[in-house]
Amino acid sequence: MIASFQRTLRTTLVAGAACAALAAYAQSSEPVRVGLLSTLSGPGAGLGVDIRDGFQLAMKLQGNKLGGRAAEVIVADDQASPDVGRQTADRLVKRDKVDFMTGIVFSNVMLAVGAPTFASHTFYISANAGPSQYAGEQCNPYFFSASYQNDNMHEAAGQVVQSKGFKRVALIAPNYPAGKDALTGFKRYYKGEVTSESLPTLNQLNFSVEIAQLRASKPDAVYIFLPGGMGINFIKQFVAAGLPKDITLFGPGFSGDEDVIRAVGESMLGMFNTSQWGHDMDNAANKKFVAAFEKEYGRLPTLYAAQGYDAAQLMDAAVRDSKGKLDDKAAVRMALEAAKFNSVRGNFKFNTNHFPIQDYYARVITKDAKGRITNRLLATPVLKNHADAYVGSCKMPG
Amino acid sequence: MDGILLLEQALNGLQYGLMLFLLAAGLTLVFGVMDMINLAHGSLYMVGAFLIATVTQVTGSYWLGLGGGILGAALFGAILEFTLLRRFYQRDHLSQVLGTFAILLMCNEGVRLIWGDQPVALSTPQSLSGPVQLLEGFSYSSFSLFIIGVGLLVALLMYLLITRTRLGMQVRAGAANREMAMAMGVNVSRLFTGIFALGAALCGVAGGMLGPMLAVQVGMGESILIVAFVVIVIGGIGSIRGAFLGALIVGVIDTAGRTFMPMVFSKLMSPEAAANAAPAVASILIYLLMATVLFFKPRGLFPPQG
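Chains as they are written, first to last, in my numbering: chain A, 1 to 398; chain B, 399 to 704.
Next comes chain A alone, as it looks inside the complex (with noise of 0.2 Å):
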């Protein structure tokens, strides 16, 4: 009876016992999950593919891990609209439990998944939008971007037309939250006289209105923020009627990248524009990602890819850092604001409204050695070291 008692406990004890361990193991191998939220669809969809793209890319030079935890993203489209956005998020976050949200393209989507977001204590690495509401008064612990704000590249651009002593010059940018950003930005080192600013509304793809006005107020340069299929469809318009010969085209990265290269070619040469990375960056990191981007997509990598790329990068630091426990919102914090990663831009790093200090570069479309047509980087930044002009209204909570 006795030695029968005892043998069931023994029986039970050990069951009892390789339950916790299997809860344990359950526990450490449960993959971290990242919500991949980007614009898949409509003439912005170029964009979201890129983030994706390179962010996939990062996950499989890891071996799909994450700070050496197993890993699974889950790719959401917001179809550029913030009501669909919005709606997606609360999936992600709430019934797909996700540690990481990233890759929202647009800053109207940004703003309107933001607020779930943070209020649910996950955090948002962003790979792309970076409205100048997150670096100021809204600066949130749970937001970090991994790309830029978003007036820091017409800043640069502001700079270089400045530099290039252009006098008129004409402004058009999507009327949307990044779009007042861009002409702030831009405003804040061009100092020139501003001979009209249109504000169209965001993925219009008919600019004949604008371009007449164009042809009418004949100002010197025109600054273009249009990104994805809108600036495709300027640049095509704006040389078919003629106009690339009295009025200088300059743009942020967004309006002359890979993606909008391929789809406009020849008259595109010349054109200058901004950004914190080129593809021709001469660093280890950088080499490594555009060859393997490359060999896996058939294609040269855009800002975006790159982006992506950063964001995965940093997730992994953050993770590995915090000793995989990202129950523990304050280490993962530490570890995200350390950014302990090699960028694939060089130089960066956070400031205290979790926002980058980076260097911008001005960009030039030529032909490379290969015959192929593309941007060059010029080696010397525009703004070195550049901070954010909203980072004072920022109060961080500690």
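In silico lysine to aspartate or glutamate, EDC-like type, Cα no more than 20 Å apart, as pairs:
| id | chain 1 | residue 1 | chain 2 | residue 2 |
| --- | --- | --- | --- | --- |
| 1 | A | Lys187 | B | Glu670 |
| 2 | A | Lys191 | B | Glu670 |
| 3 | A | Lys245 | B | Glu534 |
If you're looking for bench data, these hints aren't it; they were derived computationally from the structure.
Position chain B relative to chain A; hints supplied.
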């Protein structure tokens, strides 16, 4: 404000108006002759544009693509009419709206399945990609001029077809009084399929003209379909002449609104407020016009003569 700006915007308005006419012509015939509200009309435009883009990519020639796409769109329209839409003619308008809305959604998903979510590349042909100098200091896109030419040519052919041929006579009779036309022995079923295929072919032409200028993507038909409905309501349902003049009015007013509203508003308020308000007001101008026309002339400005 100078002459060149006015001329350029007049050309832009004409071009937009003619493209609207291509869509509105089919829509107004189907509505007028068959008493059928077809929300899937924009899908024909989308399918036409996708077919043109695909044939262009495969053959490397825009012209082959254009021809193939127009034929394909006409065939698609005829099949749609023969298999599905003719079952809706006897139903009330609500069933037609629901039924064709379902077809619209299926077309969108079908195109998404075949071609994917992202826009498909379709470029202007090399020979028409440059500018043409019209006046000293004013060059205009040669492709836009080509679009205007095609639009005018199609309008002329439609005019000859409607006023000079037997088919046109039957169409006019059908639009003015459907029952009487049937009683006089018009072969309604063949006529309806023919009209539908013709409307679809015009959608294909519009897809081939606007595809390279805008973008060939899922959902491209919906936004332009709404404006096409505005056009036929203003012009008078069932009337080709109404569709033509209505389309030109809408094209010119919309372009003028988007050009001059910002100028007016920037004199009245701060630049930032003007930049927000002007496009919003400009975009409702055509709907204001439609409401006004409906109020004073409920049958439209140029209804079919009975």
